[in-house]
Amino acid sequence: MTQASLGQSVVQKEIQSQNNGVAANVTHTQPLWLLAEVTYRCPLHCAFCYNPTDYDKHTQNELTTEQWIQALRDARRLGALQLGISGGEPLLRDDIEEIVIEAKKLGYYSNLITSGVGLTEKRIQAFKDGGLDHIQLSMHDITEEINNFITNTKTFELKKKVAAMIKNHGYPMVLNVVIHRYNIGHIGQILEMAEALGADYIELANTQYYGWSLVNRSQLMPTKEQIDEAERITNEFR
Amino acid sequence: MSIQQTDIYAIALHHRFQWEEAQSCYVILFPEGMVKLNGGAGEVLNLVDGKRTVADIVTELKAKFPDAPDLEQDIIGMLELAIEKAWLRQIN
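Residue numbers (my numbering), protein chains in the order written: chain E, 1 to 238; chain H, 1001 to 1092.
For the record, the hints were derived by calculation from the structure and aren't laboratory data.
In this text, all values refer to a predicted model and were calculated from it rather than measured experimentally.
Hints may contain errors.
Stated by the list, open to error - Beta-carbon label-pair distances, calculated as ranges:
#1 E:Glu66 x H:Pro1069: 50 to 58 Å
#2 H:Ala1086 x E:Glu231: 41 to 49 Å
#3 H:Arg1052 x E:Leu214: 34 to 42 Å
#4 E:Asn235 x H:Pro1069: 40 to 48 Å
Backbone N, C-alpha and C define an ideal beta-carbon position, used for all residues, glycine too.
Given only the sequences and the hints, what does the whole structure look like? Please build it.
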C-alpha cells in the first residue's frame, strides 16, 4: 500500500463484502464458505429435510476423516474462511472433534450446525478446547407438539437443554428455524422464544425444496399472504 | 459516541480479525458472516489489540504514513464505524 492511499482508503470505509460472506464487489470469485455436509444420517426425520429420499443408501460412502481434512485444506487454499460442519446430523460422526481441531489450525471460523441431538457436555467441551467458534442449533417451533410432529421425534425439551448448554460454554448461539406452513403463523412467538433462550442470532430459513421437502412441498409451502405477514412481524420485531 | 485519545479497544467477543493470504487483506470473521477490510481499515484495526490507546494508534500510523493527509480524522472515523458495527469492544 502506498502512503497516500491510507488516508483515502480509510475515508472511503470501503467494505467489500458483508451479507453472510457473499462478496458484493469482487472481480474474481473465490469461495468464502465451505459447507461440509459430513453425513446424511440423522436421528430426526423432518418433513422439510433437504436430504435425498434414498439417503440410507449413501451412508456407506461417506468421506473418511482424512478425506474431509484434505477437503478443508484444499478449500482453505482457494480462500474459504467460514466452515459450516453440517449434515444430516454431524454429531453422528465421532471425528468431528478432529475436524474442529484441523479447522482451527487452518484458520477457519468454524460453525457446528446441529439438531442438538448427541451434543453432550463432554463433546461440547472438546469442541471448545479444539477451537470451534460457534454453534448453530435448529429449533422448529414454540410447542412440543409441532416440534415433535414436524421432526418425527420427541426432541423439544432436549433442544432447550442444549441451547442452555451452548450458552453456558460461552458460545455465540445461532438459532436456525426452517420456515414452512406449519410454523410460519408463529413467527412472533418463535422470535420471543429465541430471545428467551439467549440466542445471539436467529436465522429464519426458507425450506430448501430438495429431497424429502420436495416430496412434501404441497404440504409445506406457505401462501404469499402468510409470507407477507411473517415478514411484517419480523420487521416489527427488529 | 465520542472517541477519546485514552480509549483502549479490542476486537469484539466472538469476532476474529486475521490476515487472509488468499484475499490479500485483513478480514473480520463472526457467526454467519465476514467483512473484508481494505488496506487502510485493516492497518487501523491491526493495531487495535486491547493494549494500545487511540493516541498510540494515531502516533504509530502517523510514523508509518507521514505523508497521508488528515490521518487522525480518518483513523477516528474508522474506529467509529467499527464500534457502530460492533466489531470492537472498549476495554477501559
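Those earlier numbered hints the structure runs against, lowest number first: Numbers 2 and 3 - these are the hints that the structure violates, sorted from lowest upward.
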